[in-house]
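Trainee: What follows is each chain in one-letter form.
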Amino acid sequence: MKLAIITALALLLSPPALANKVYVSNEKSNTITVIDSTSWEVLEEFPAGNRPRGIGISPDGQHLYVCASDDDTVRVFDAETYQELWTLPSGPDPELFTLHPSGNPLYVANEDDNLVTVVDTEKRVVIAEIPVGVEPEGMAISPDSRFVINTSETTNMAHFIDTDDYKIKHNILVDQRPRYAVYTDDGSKLFVSSEIGGTVSVIDPLKDGGPELTSKIGFEVAGIQPEWLQPVGMKVTSDNKWLFVALGPANRIAVIDVEKNAVKDYILVGQRVWQLAFTPDQKYLITTNGNSNDVTIIDVDAQKAIKSVQVGQQPWGVVVAPDK
Amino acid sequence: MTIICRIVMIMLLSTLIPTSPVAALEVRVGVLRVDYQTQLPTSRYDLRPEDLGFAGGILANEDNQTTGTFLGIEFGVEYMASAPEEAEATLDRMMADGIDLLVVMAGSDDLLMLADRAGEQRLLLNAAARDMGLRDGQCRTNVLHVAPSLAMLTDAVTQFAMWKKWTGLFLIHGSNPADQALADAYRRSAQKFGAEIVEERIFEDTGGSRRTDTGHVLVQRQIPVFTQGARAHDAVIAADSSDVFGLYLPYHIWDPRPVLGSGGLRPVTFHPAHEAWGATQFQRRFEKLAGRFVQEGDYEVWLSLRVIGEAVIRTNSADPAVLREYMLSDAFELAAFKGRKVTFRPWNGQLRQPIILTDSRLTVSVSPQEGYLHQRSTLDTLGLDEPETACTAFK
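First to last, the sequence lines map onto chains A and B.
Take 4 as the starting number for the first sequence in this note's numbering and just add one per residue.
Take 49 as the starting number for the second sequence in this note's numbering and just add one per residue.
It should be emphasised that the hints constitute simulated quantities derived from the structure, not laboratory data.
Any given hint could be a false lead.
Among the chain B residues that face chain A by a calculated CB cut under 7 Å, a handful are [as the list claims (entries may be wrong)]:
(1) Asp111
(2) Thr114
(3) Thr115
(4) Thr117
(5) Phe118
(6) Gly263
(7) Arg332
(8) Glu381
(9) Arg388
(10) Lys389
(11) Thr426
Here are the simulated DSBU-like cross-link-like pairs (lysine-lysine), alpha carbons at most 35 Å apart as the crow flies [to be verified]:
(12) A:Lys263 to A:Lys172
(13) A:Lys126 to B:Lys336
(14) B:Lys336 to A:Lys172
(15) A:Lys267 to A:Lys210
(16) A:Lys327 to A:Lys192
(17) A:Lys31 to B:Lys213
(18) A:Lys267 to A:Lys31
(19) B:Lys336 to A:Lys170
(20) A:Lys286 to A:Lys267
(21) A:Lys24 to A:Lys244
(22) A:Lys170 to A:Lys263
(23) B:Lys212 to A:Lys31
(24) A:Lys31 to B:Lys336
C-beta atoms are modelled at their ideal positions from N, C-alpha and C, and glycine is treated no differently.
Work out the full structure, taking the sequences as your base and the hints as a guide.
Mentor: Here is the structure:
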């Protein structure tokens, strides 16, 4: 199924933007697809090891980090030449990670070992291993870098790991199979998506006496079985107003009004929508659609899908290079 | 396209206390397995390991305990295997030991006997018996069924056949009562989904050893003859609970047709090659712990203990009445590596769950199939629906 394309006009009317490279990890074809963020043309597709999933980029835009899940390693690529530079010791089956805002260290979730591994990206050594719940997955870091959040899929918790001593300071129970965690840029709210529970938990991380679960956001789309409304990847705009939530097999992005904790709209995208990334100017949101082998470009202000771009097989993760 | 946007907001009473070093709540569960005299299986892949079910329990308890550690809950499990004639005494010992939460792997008669002996102040989770009566006229208030019913399995197979447009079915069933019950379930499923059983044959269980040096030579001659001259059909359904002939049917039947049921494409709760929805992690954890591949019995005990663990974690209680009420409520949900939450049917205590269809190498498909809709949950297209059950114990 193809989306209506209104791209040409929309792009012509936009002010000239900096071209940024968009990197999409293709879980099945073992490649990274590189897309230009002004023309939305595919520039390149290069091999990235076995089963590339979580993907990130260093703050200077030089190094691309890719969880090669079936190789039990994080591969580091030159973001310009696409040459593999080295690997980082990640622990087995790395899936998602978060980078310290300074670019070092990297916090990796290891699903098989119930660990979060902290890796020094310069010295390329493991600094710490933190035992967490069963099947750790989602990773986030608070804007002040005090806490790294890990969500564990079978334990159904968000763990608050202190970045100073690597100890868990708080645990919050959420709904079944928490997949992804994201903070608002002002640090006032933490969202955790529960894939099987079908909800997004809203947590007040700054509450006196420790973080507290304040509410849960559910989803409802006419004509879609409730069990297929499975929230996964999320991104929040830096003005802290809008939260975008990928709903997996429901093939939609939910747009949530952050202040009201309420769904405002649903945007139809490709099939099995999984992870999301903004362009640095936050004009566009890119969604990976695993079962239709494409990415959808969403105009963030208009909250509309404007284009889809064919990528490799089963796109999973996406990251956009920062402005130079 | 009309899209209705609505939000469900649930304000929560936050009663959770972060990591407490001292266990504030202790939960003890008994896993009771009744071992029957059985013949060797037709396939060596189905050999029964000594720790069948228990290994799944150990894994579940590790999973529960990891969460428990963060919440100050201590989970303990006692495992007992017993001969049928000792089952009652074994239960008595476990009860005397203070255990009032039990996971039971037993035949349906023994399960009913144990349930009645345990009494209503205890809670039993059925992790083996698939008989219809347990979910129907013989249901018990104190028994919840994590194991699927026969009807859930046969509905899963029949939905797939219908999705493939294999509407004409040749049903071959065994001669033992358990095979007859399975055949009944297939007849019911065919009627439910509009398939037609165009022919039925009985494969007599004449006993004999399961293992001969070149048995396949005889099988290759016998099965074509046995299946010769059947009315035109799209697929063969094997109803062979006794494991006598089902595995022999594929390739050997007279007409080249797909086989489903007890051979060919089989309905299972879990199998060792299932990888979707994060199941790979389950498989790796299990194999590391048990040193072998998972079997259905392991998964069903794992799931039963996870059901208990989840209820304990959410209610902060070990009281069977509190846990039962929570399990049967709308609030209960659990992820089970099947792509969607599993929940209980409040009318007969049956766990709703997708059924995997496997060719014994891969997950071929998962039922319910696309297009089978239900006003409550598509999972309720499998098994006994509320208006169909004679169970009144849950009212």
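Trainee: Can the restraint linking Lys31 (chain A) and Lys213 (chain B) be considered satisfied, given a maximum Cα separation of 35 Å?
Mentor: 31 Å, holds
Trainee: Between the alpha carbons of Lys170 (chain A) and Lys263 (chain A), is the straight-line distance 35 Å or under?
Mentor: 33 Å, holds
Trainee: Given the hinted pair Lys336 (chain B) and Lys172 (chain A), is their Cα-Cα distance within 35 Å?
Mentor: 30 Å, holds
Trainee: Taken at face value, is the distance from the CA of Lys31 (chain A) to the CA of Lys267 (chain A) at most 35 Å?
Mentor: Status holds; Cα separation ~33 Å.
Trainee: Against chain A, run the beta carbon of Gly263 (chain B) and see if the smallest gap drops under 7 Å.
Mentor: 40 Å, violated
Trainee: Below or equal to 35 Å on CA atoms is what counts here, so check Lys31 (chain A) against Lys336 (chain B).
Mentor: 26 Å, holds
Trainee: Within 35 Å, alpha carbon to alpha carbon, are Lys336 (chain B) and Lys170 (chain A)?
Mentor: Satisfied, since the Cα-Cα distance of roughly 27 Å is no more than 35 Å.
Trainee: Does the CB of Arg388 (chain B) sit less than 7 Å away from some CB of chain A?
Mentor: This hint holds: Arg388 (chain B) lies near chain A, its Cβ roughly 4 Å from the closest one there, short of 7 Å.
Trainee: With a cut-off of 35 Å on the C-alpha distance, tell me whether Lys126 (chain A) and Lys336 (chain B) pass.
Mentor: 32 Å, holds
Trainee: Using the nearest Cβ pair, does Phe118 (chain B) come within less than 7 Å of chain A?
Mentor: This hint holds: Phe118 (chain B) lies near chain A, its Cβ roughly 4 Å from the closest one there, short of 7 Å.
Trainee: Are Lys24 (chain A) and Lys244 (chain A) close enough, with their CA atoms no more than 35 Å apart?
Mentor: 26 Å, holds
Trainee: Classify the hint on Glu381 (chain B) as holds or violated, based on whether any CB of chain A lies nearer than 7 Å to its CB.
Mentor: Holds - the Cβ of Glu381 (chain B) comes within 7 Å of chain A, reaching about 5 Å at its closest.
In summary, the structure is inconsistent with hints 4, 6 from the numbered list given earlier, while agreeing with the others.
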